[in-house]
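Based on the provided sequences and hints, a complete structural model is requested.
Note that the protein sequences, when read in sequence, are chains A and B.
With my numbering, letter number 136 in the first sequence gets 136, and the count goes up by one each step, no holes.
With my numbering, letter number 78 in the second sequence gets 1078, and the count goes up by one each step, no holes.
Please keep in mind that the hints were generated in silico from the structure rather than gathered at the bench.
The model shown is predicted, which means the values in this text are computed figures rather than measured ones.
Listed below are the simulated DSSO-like cross-link pairs for lysine-lysine, each with C-alpha atoms no more than 27 Å apart in a straight line:
1) K1011(B) / K34(A)
2) K114(A) / K54(A)
3) K1053(B) / K34(A)
4) K1063(B) / K34(A)
5) K13(A) / K26(A)
6) K1011(B) / K26(A)
7) K54(A) / K29(A)
Sample of chain A residues with no beta-carbon within 10 Å of chain B, all distances over it, derived:
8) S3
9) D79
10) E87
11) N105
12) N160
13) G173
14) E180
Simulated DEER-style distance windows between Cβ atoms:
15) K54(A) / R1066(B): 30 to 40 Å
16) N139(A) / A1027(B): 52 to 62 Å
17) N161(A) / D1035(B): 32 to 42 Å
18) T183(A) / N1017(B): 35 to 45 Å
Glycine included, C-beta positions come from ideal geometry on N, C-alpha and C.
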Amino acid sequence: MVSLNGNVLFSDKSEDFPTFIKNAYKFFKTDYSKFFKMDNLSKLAFFAADVLLKNENLNEEENNIALVFSNNASSLDTDRKHQAAIENETEYFPSPAVFVYTLPNICLGEISIKHRLYSENSFFIFDRFNAEHLQLYANSLLRSVKAEKVLCGWVNFDKNNYEAFLYLVEKEGVFEHTKEEITRLYNTL
Amino acid sequence: MSELKEELKAKIIEQLNLEDVSVAEIADDDALFGDGLGLDSIDALELIVMLDKDYGIRLSDPKEGRKIFESVQVMADYIEEHRTK
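Okay, structure coming up:
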């Protein structure tokens, strides 16, 4: 299911992620030639960010939107694929295209390229969703004028279990950027 | 040779995840990089692995790939001449 500001925009009964994300990609007429080359985590993060940012009337040249993402599985989904390839001694042909995604923060680069974000970005690994950290880090970026807006959230993918929760924070907004409010919004997933 | 070219086109589409590109859409002389299929540097590395894995061809210098991967036709010619499997 894909929702924006509480409104369900797309739902699909596909049980596997590749089918779901492909259907969603087509439904939203997402146009990005590199999309199907990405690993699962990057597809999830890129797609979620795209749904949110395409409504923001972004500048075509440059946007000062920082990225503060988090999850608990890091890039394990892709790490396992790469590990299987390098453990195969008889057919040792690890894929460069898999290897480049064995870091979770690669997804931030994909988003930055598409939306021309020449800004701060960080990816944190936590045991569980950490609203307090998102709040403190994003507020610090805004307070120190490192960014005009911060796209924050949780993007997790492991063994076909996945979820993406993103929100955009700026100095003036609809909701107050507090730990309680972030947690409340996350729990509406 | 014609069979090899069709095989290469199918492998390129599958290995490089070229969604919405069909074998019929790739002409033998289409540029694979730049304005053609728009492949990038990671794709070039994937093609180097494919040459080794499927045709037993090891490139000692990755720069060789620039010439070899010019088009499906050039790739097929090179593979025909150098393949060990």
